[in-house]
Amino acid sequence: MADKEFTPKVFYALCAWCGSGGSETAGAYWLKYPENVRPFRVMCTGALDSAYVLRALIEGADGVAVSGCHPGDCHYNIGNFRARRRIAVMKEILNTFGIDGDRVWLRWVAHGEGKKLADTATEFTEHIKKKGPSPLKRWDT
Amino acid sequence: MGTKAEPRVGVYICHCGINIAYKVDVEAVRDYAATLPHVVVARDYKFMCSNVGQEMIIEDIKKFNLNRVVVASCSPRMHEKTFRKACEKGGINPYLFQMASIREQVSWVHEDEKEATEKAKELVRAAVFRVIYHEPLERRFVDINPNVLVIGGGIAGMQAALEIADAGKTVYLVEREPSIGGHMAKFDKTFPTLDCAACIMTPKMVAVGQHENIKLFTNSVVESVEGFIGNFKVKICKKARFVDEDKCTGCGECAKVCPVSVPNEFEYGMNERKAIYRPFPQAVPNVFTISKLGESPCRNACPAGLNAHGYVKLIGEGKFEEAFKLIMERVVLPASLGRACPAFCEKECTRGEAGGPVHIRMLKRFAADWYYENKGTQPPFEVAEKKDKKVAVVGAGPAGLSCAFYLAKEGYQVTVFEREAEPGGMVRYAIPEYRVPKDVLAKDIEVIKNMGVEIKTGVCVGRDVTIDDIFKQGYDAVFLGIGAWKDRRLNVPGEDLEGVYTSIDFLKRVNTGERPDLGRKVAVIGGGNSAIDAARVAKRLGADVTIYYRRTRKEMPAFPEEVEAALEEGVKIEFLTTPVAFKGNGRVSKMELIRMELGEPDESGRRRPVPIEGSNYEVDVDSVILAIGQVPDSEVFAKFGIDLNRNGTVRVDPETLMTSREGVFAGGDAVTGPSTIVEAIGWGRRAAYYIAKYLEGANLKEVKPYDADRLPVVDKSQVFKRERFEVVERSKIKELPVEERIKGFAEVEQPFTEEEAVKEGSRCMDCAICCECKQCELACEAQAIRHDQRDEIIEVDVGSIIVATGFKTFDPTPLYRYGYRRFPEVYTSIEFERLNNAAGPTEGKIVMKNGKVPESVAIIHCVGSRDENYHRYCSRVCCMYSMKYAHLIREKTGAEVYEFYIDIRAPGKMYEEFYNRVQEEGTHFIRGKVAEVTDIAETPEEEGKLIVVVEDTLAGKVKRYPVDMVILSVALEPADGAEELARILGISQDQDGWFIELHPKLAPVSTASDGIFLAGCCQGPKDIPDTVAQASGAAAEALSLIMRGKVEIEAATSHIDPEVCVGCQQCREVCAYSAIDYDAGRGVCVVNEALCKGCGLCAATCPNKAVTLKHFKNEQILHELEGILL
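Going down the list, the protein sequences come from chains A and B. For the first sequence, the positions run 1 to 141 when our numbering is used. For the second sequence, the positions run 1 to 1126 when our numbering is used.
So that you can see chain B by itself, here it is in the shape it has in the complex (with noise of 0.2 Å):
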């Protein structure tokens, strides 16, 4: 087509009946449209989108030989296909056209006539003032990947699966739950035929689950599409259900041993559930899932990442062996553990906030003392296959030991050399009998040994063999676990005078069985855990303790419990002051100290104490401890080629805990200054993990780090809003009187009976759900579970997406006056479904919370429908579900049914049949909306009962009726996250959440976007035949869509003028399709075709107009707005 020729257009303005005549001088336009410049010839037509209408066109472009056609009729959207092809029909390329929209855009959003015919007229004349201007575009073209998304497995996402797998074709169905079913699977009886719901639809279920054409994803996500009609690339989230889902054969052993109940969402909430768990018996797929939210706080807290969780809820069930064996999984020295640790996990329990932490530490002690005493100091692991790799381990304590067992537990040869007589390290000789018993310390290091640890004790590395020794003689790998035992000098005179002690060495005399002599005065110097065990140990001397410290109580270093303890016992601080000079002749008489008062915060976030010039003044002692440090003793090592940091550190690589030296690892106090037990256990543990992959040869920097395997911790605030808690107070901890505890060095702390540890482990709120104790791991005779299963993102290409999302109800707590959640007795329809299905709760049984049958059932239509205050449209099935119930509870219990409803809803094959059908069995019918439902009595009769109050429109009166139970029958609402679906495949809500379609009456299963189809309650409220009959359409939609093969594509594309351009490339930063690419020998862009999408960003872009959007080029544009504005 010669676009030089001389331009003769065509108009044709359309009636549409009288949609568009009734307020547009439909002739008047045609009249205007005659003058205007290259019009050949204008008509006006009562439908220009019928047959008759588009032969006008094509006969007119063969009459007048005409070249630019102009339709002024409805919307582009609706007909403008229709046009170009009569146009293309016609002889004249399709792009030679132009519509005016004066339907949608004139005659149906206007009121006055005169100004509508006015406006029409412009939008004709910008038209062809446009047209003009148009220019033949080549029609372009794509494949159609024959792949379907159904997104949604419920009744309509499975209909439509099946029809187009049936056909042939692939599916990727996609459920967010653990089985597809949807609501469908939760009804029991559907109206009108009252044929059992799991009937009709367990086949389908099974034909989904074993069709060789649909491949199934539950407990899945969409997260992403990308693309177009006939070619989306579609991210799948497969979220974790930690539990292989091939190997998994629903036996459900797991569930019984799973300690975990949770509120069971299947059920709303009316029974419960496990941790592990399967919807219903029919699930399809029947395998098993795990609610596992995360790691649990207390979990999270702990510095060596012992599952507290798990073993709280074991002993909570009674299970104490299973809790010591997943206790030894993270930690070694349980028992010690268990009564001097500072249990960062308590300080993070979520029942805190509801009676007070759980007792985590004391339920650790009880699990470790009872073990001891029931089954011995036998590891409960069996020993590994012994591996000829031998390690040293340095020091015995905490890191040391901690190391040793793990890497023994993993078969390699561990020996422990210990510079002390006794192994334990600082457990055993700086923390006092009264907190941890030697005998309970024996026992845990016990069952290190058993696990095949040798333990050399009186060797000390360094001074009696070097590292190099311990090369020599065949070890593999070292673990320096030396601990910090070098107490910090104060650097003031007089420090060497006799009976000025410091505090690990005044410690250690004590704890192997020395009784220093002290005196009667007894300064203690410091605010730390030492201070206070030192100042503890001497009242228990018998001596009168004063703690000396430089700042206040608030920056106190010690845990307050071990300050408020020291304080019980008579222990006496004294604040803000400092020795300046120990005086004595020979032995400290005398201690000289500074007041000091905070100034500026310093390094560690604490205001620096500053002396007061003069303030200095003496009190008389007896014996100093010194308690203001440690430091890693580790000079010597440095001759060994071990960096160590300026404070006596040991230095390592913060992940892999290797020191300078190859094969040389480091932990604990060694590495971090004086710390916990619990951390000291943690980098054991650790450090063992890497010296492991270090033995195998492994390269440290590439391997799995540490624990990468750990889940996020879980939001406490979601706990809470998870579930309702009741407070229970945290059991008290039974302690020995203070006048029986400094007697002498008996602890402090009482057990736990076997009854109280129970019952403190179950008040357990299950944060993160699953505790991960692994009871399953071990009923699993299947081996389908799968604790490190995470989440996985599968990417699939489709050509068409049909979304079946369906809806949710209404929940009816901010309806005050309807009572749900204050009376007990008060359903929604949804619950009601459950109480009456035979899989329930209650097994189909219709009874009260009490275990009664009720006599009298009252069903509140309307609930959240054809309300201004909530939703203002009808929910279309609820009359006849609820006509559905009065039917069932007359069957079943006999009851006296009353139904309150506003007007009843029953369009639909038999259901007016099924309306009489139930009124015919004395089902009481009362027109009026509810006001209230009181238990309120006002006469005799209605004591007990739950009243409901309502106008009876029909008797123009007010009445109450008592009665047993009440149904309220809820609204549909969009399902949860269908505003996130809607985002992310370019589809519209209505104001309602409901997905639109692309015309409500010819195109109900459409989309705006092309290859989008909807079924079903996602796009307004329907019932099962609608919605299958819909979902069905939706899969011809996509059917018909993949025979095509091919679809025609956007042909305006951007074109990109290299005469003008000058390779800015600011045109390809904007664009979103990386359509274009920058020619660097010629220095301009380009425009790759078959990327573009014509969204014209570039030529809005370009600063030089060197990019042109084709079919919206400037003088197209400028054209058109001097037509609309002349």
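If we strip away everything but chain A, and leave its shape as in the complex, we get (with noise of 0.2 Å):
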């Protein structure tokens, strides 16, 4: 276990509209991304609660990423601005909590973009990958 790469869990929180319709669409066109990815939904990214981010972070994920509508495109029009808001804050106090804010990425995905999302959680988990587990988990067994 302890020689085995280390493979992070990727939680990566989707809006009901744009983050899941483009992870249909990337399931559509079959890009390919890590098996370590957990997609969940959430009606919209403003809808994502702080204590969901931390709560995962503290279940044993090592790396949360939230994708949503394109600023100006929320299904709920003012969605991701809350959103965007909410994670910059949230970074801040995770820092301080040493838990490293990077461990969060927020970034736009369109119904359309299947390839970004794809790229995504790609790029996401080897991001995690390098930062290595979450501190959180050391408290583990």
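You may find that some hints are simply not true.
[Unchecked claim] DEER-style ranges, computed between Cβ atoms:
#, chain 1, residue 1, chain 2, residue 2, range
1, B, D1079, A, G72, 30 to 36 Å
2, B, D1057, A, R85, 22 to 28 Å
3, B, V728, A, G72, 42 to 48 Å
4, A, V89, B, N65, 44 to 50 Å
5, A, G72, B, D1057, 31 to 37 Å
6, A, G72, B, V847, 47 to 53 Å
7, A, V89, B, G227, 27 to 33 Å
8, A, G72, B, P705, 30 to 36 Å
9, B, G1081, A, R85, 30 to 36 Å
10, B, R488, A, G72, 55 to 61 Å
11, A, T7, B, A1090, 45 to 51 Å
12, A, G132, B, P814, 44 to 50 Å
13, B, V847, A, T122, 53 to 59 Å
[Claimed, not checked] Under the rule of at most 25 Å between Cα atoms (straight-line distance), these lysine-lysine pairs were calculated in the BS3-like manner:
#, chain 1, residue 1, chain 2, residue 2
14, B, K114, A, K32
15, B, K774, B, K238
16, A, K32, B, K1001
17, A, K115, B, K114
18, A, K32, A, K129
19, B, K539, B, K508
20, B, K390, B, K449
21, A, K129, B, K114
22, A, K115, B, K1001
23, B, K46, A, K32
24, B, K387, B, K704
25, B, K1105, A, K91
26, B, K438, B, K486
27, B, K347, B, K732
28, B, K704, B, K390
29, B, K1001, A, K116
Hints were generated in silico from the structure; no laboratory data involved. Yeah, the Cβ is synthetic: ideal placement off N, Cα and C, and Gly gets one too.
Reconstruct the complex from the two isolated chains, following the hints.
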């Protein structure tokens, strides 16, 4: 187990519109991304409570990616702007906790941008791989 | 359904044929699911979405008494509804269902089968964990508004609109061009049947135009769309076309008289159209439209708002009388202005960047001189019916005369009181004769008199009569245009000596025929225009003139041309010096000066001159003229209840120009201090507007502001983007030689001849396109021209939207090697379409630009399509239309046609047959991507031809084909603005910019946004039959929606627990739908479920966690999360 290459658990929150749409487009074009990426549907990126992100990190995720509609395209008009603010703040708070705020990414993905979704999933996995396991995991076992 | 009951979950894993099963070990997932808590039954099946699959769920619900269901299959978007319905049929609430996406999010996107299976297990586990906490929700429905919005009036939009309208429903059809028709209206023949596009298209256009259920908005764009399926609120911006659509008969008389020509977009710039135009004769609606981009920079720069663009254009057309009339609509004294205006307009003229600004001022002079010579001094307006109100104007300068003229034009009785012996004010008394000859001014004033203005000279208001007297005499309003006549003084010793003049006093003497004895050496003090005027006049009186100015040339307020002329005439200027004393015995003989240096900038922004201690020096002088500025001679008016500013100017309301005394208005130099004639005239006209309103009894604070209808200025840089302008040098103005000039007061500038004027006028670049010369207004018998029309926002409610915005053709300019825009005989396919069209620029004759019929034509396929550098996709229609061209060219000209293709794509009914036919007709097909089109000949027969260089991949040789004409079969691209529209509608674009359908196979006209459908090329390139079919499909979808009458909407709304809510109202602030109200009585927030869309922003924002989004409750989300990450 210890010798195996570190495969991070990546939690990928997707809004029900563009984010999920992007994942479906990626599927429809059979674009590949790593298996360790776990998609998770919320109605809107703006509805993604900070508590959920923290909980995901506590429960064993090594990184949390978030994708939703591009600015101006939000299905709910302004939700993604709330998300942008909330995540910016969240990163700061995580830093002060000693959890690298860069373990949380927000990247806009439109319904049609299957490739961007797959790329984000791949890049984020690589990014977290470099960072190593989440420090919260050390209290496990 | 009791939620308290023990959860009993059924799990169903779908193979999706082999789509899931090929990567995911479905049986293993099933067996794993069976071990999960509360799972009663777990099964797998080939197609869960099939009837058999659904029946399986329904039966299990009954058999095992299930109260929760999980299906792991494709994606919620695809089949969540299907399975919810199955649950409902089985007797459980549809929201007690959860779906795991193991196709789109697992099998299709992952390689490793083991990993994929593990992930599928986890997703199923998460779904089971979540569904246990699901609660039943009530389904919600809303009514569907039966109206439909169709965006785009091409063949797709028309077809869809007609289908829906014929079914009796209302359609709002929005088209941004002035006519519907789209690209198909530009085509000549259509492949493969070769029937005429217009013949099959025009009846449809007419049907759309006349259909009682179609509300047509042309020249309009969709500005915003709000709401959701069944209930969209749409704002349509109906752009001003400056023509009343209901009145215009489409006769075209207006276009005949319009002086402005621009490249014709409809013909891709292959010919020109007028500023007032109709894209093509069969346009629907059959009305004209004016291209007006705003106000031209020249017109915008004019302080009097004179329409320079308009009269310059009219002069360019030889319409001198009309030009004069247009000038007189905004200014008086045109001949004087044409000589002495600083021409703010010319400084802004866009032509300045392409050969020098148009001589706008000289053209005004020309128009005025021409009118006086050929038509006399009758004003070019009919006098309005006389009104019984009387207005007194004080001062017959430019401001007063302007005010008087425009009031008289409105029919008011106007009397001007002038204290001097002659009217004209500063123009008469301060501007020297060599700039504005007195007989010219006399004619200008004659026109004003002929308008009915009475001028009483020699009456000084304030001295001879008071303002109160004037009102007593029955005048209803007064305008003070008293100018700024009082010269400032230097306040230094010796200012009262004989031989020390003030500039106004001096110029006035000379202008009234006096020739003061100045002696030999004359010093002029000051750097403004009157200093220059005084110096040049003194020069003409034979003196040796030196101007002394306390700053440097850069800070001089005088106009540079004037300074230049003075220097030419031998006037000397000394900078950075100022007099401190004038000395002499009775008469001035010496002047003591002190040198200055520039210090810190003062309030005017110019650097303040500071005296240098001890630098005093003396010069000999015979006379001194002080030209250091003027102030209004206004003290006396203070007595009549008129407030003055500290510098003596009259205080007015900056908008209405009314003074502190009711009914008394003021403008011009009296208000601003010394300025220019044209500014004073602008003030006068503005005052006339408000005086007229005042006399009508209106409340001046509420009337429409003066010039409120003026349009914003056009952006000059855009003018150069519009078309390519040649540099045309501005004509030289002939001037009297210097030696002639200084001998007397003869006019310096010599007038334009008629030919010169016309030539200069035609240098105008038509920045705003329409010049508002209003010739169209005169020509239009139907009185349909409405220059005051403005953009209008119209709001409509619709239930569904069909997007049919079509495509645009690829611009091949970046493909330099194909020579487009470098060689005149290289055309794009759509240009050739017009060239070949009987209604096109050549009336359907296929000829080269030199008028000759081509003997050989090359058609290059896949230009911009199937090309990594531009578009990777195939544009689908190019092969077929290229072959259509081959057929038509051979038929019309007999020329040899070479088709250079990569692959021929002819899949369609009778398409392959058409290909065969064209081959049999003798068209040459050469397989190979063209390397370049060049005009460099290698052999004598290539001389004068375009040579197409290509590797013939079938022959395996590089070959050269000399031809006369080259047609580039260019790609189709999404229409301009597609991105913007996607944003407005909330629909998506693929990587090429085409709008994305919901499903490439099964939902080709729907979008991911419910209630919005796609038709035609906006979804991807397609030919006419496919476009029409898709449009009918979109119409059917919209109608199906309407017939349903109701649509289910999100049942998951937010809920606020009043026990927990503290009433901080943060949730209200983030809600984009105003769906949260504050109940002040209880101090808590309450969700209005009818408005809630279920986004959950409030829930995430609530610091107290009082808000929950149903179906996305904390326990549901956290358990799902746990299931994923366990």
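For each hint, the structure was consulted:
1. B:D1079 x A:G72: 30 to 36 Å: For D1079 (chain B) and G72 (chain A) the Cβ distance comes to about 33 Å; the hint holds.
2. B:D1057 x A:R85: 22 to 28 Å: Check passed, 25 Å falls within 22 to 28 Å.
3. B:V728 x A:G72: 42 to 48 Å: Cβ of V728 (chain B) to Cβ of G72 (chain A): about 45 Å, so the range 42 to 48 Å holds.
4. A:V89 x B:N65: 44 to 50 Å: This hint holds: roughly 48 Å between Cβ atoms.
5. A:G72 x B:D1057: 31 to 37 Å: For G72 (chain A) and D1057 (chain B) the Cβ distance comes to about 33 Å; the hint holds.
6. A:G72 x B:V847: 47 to 53 Å: 49 Å Cβ-Cβ, so the 47 to 53 Å window holds.
7. A:V89 x B:G227: 27 to 33 Å: The hint (27 to 33 Å, Cβ to Cβ) holds, given that V89 (chain A) and G227 (chain B) are roughly 32 Å apart.
8. A:G72 x B:P705: 30 to 36 Å: 35 Å, holds
9. B:G1081 x A:R85: 30 to 36 Å: 32 Å, holds
10. B:R488 x A:G72: 55 to 61 Å: 59 Å, holds
11. A:T7 x B:A1090: 45 to 51 Å: For A1090 (chain B) against T7 (chain A), whose Cβ atoms are near 48 Å apart, the range 45 to 51 Å holds.
12. A:G132 x B:P814: 44 to 50 Å: Hint holds: Cβ distance 47 Å, inside 44 to 50 Å.
13. B:V847 x A:T122: 53 to 59 Å: 57 Å, holds
14. B:K114 x A:K32: 15 Å, holds
15. B:K774 x B:K238: 22 Å, holds
16. A:K32 x B:K1001: 22 Å, holds
17. A:K115 x B:K114: 24 Å, holds
18. A:K32 x A:K129: 18 Å, holds
19. B:K539 x B:K508: It holds: about 16 Å lies between the C-alpha atoms, which stays within 25 Å.
20. B:K390 x B:K449: Roughly 16 Å separates the two Cα atoms, so the pair holds.
21. A:K129 x B:K114: Distance ~21 Å between K129 (chain A) and K114 (chain B) Cα, so the pair holds.
22. A:K115 x B:K1001: 20 Å, holds
23. B:K46 x A:K32: 24 Å, holds
24. B:K387 x B:K704: 22 Å, holds
25. B:K1105 x A:K91: At roughly 21 Å apart (the allowed maximum being 25 Å), K91 (chain A) and K1105 (chain B) satisfy the hint.
26. B:K438 x B:K486: Measuring from Cα to Cα gives roughly 23 Å; hence the hint holds.
27. B:K347 x B:K732: 17 Å, holds
28. B:K704 x B:K390: 23 Å, holds
29. B:K1001 x A:K116: 23 Å, holds
In terms of the numbered hints stated before, the structure departs from none.
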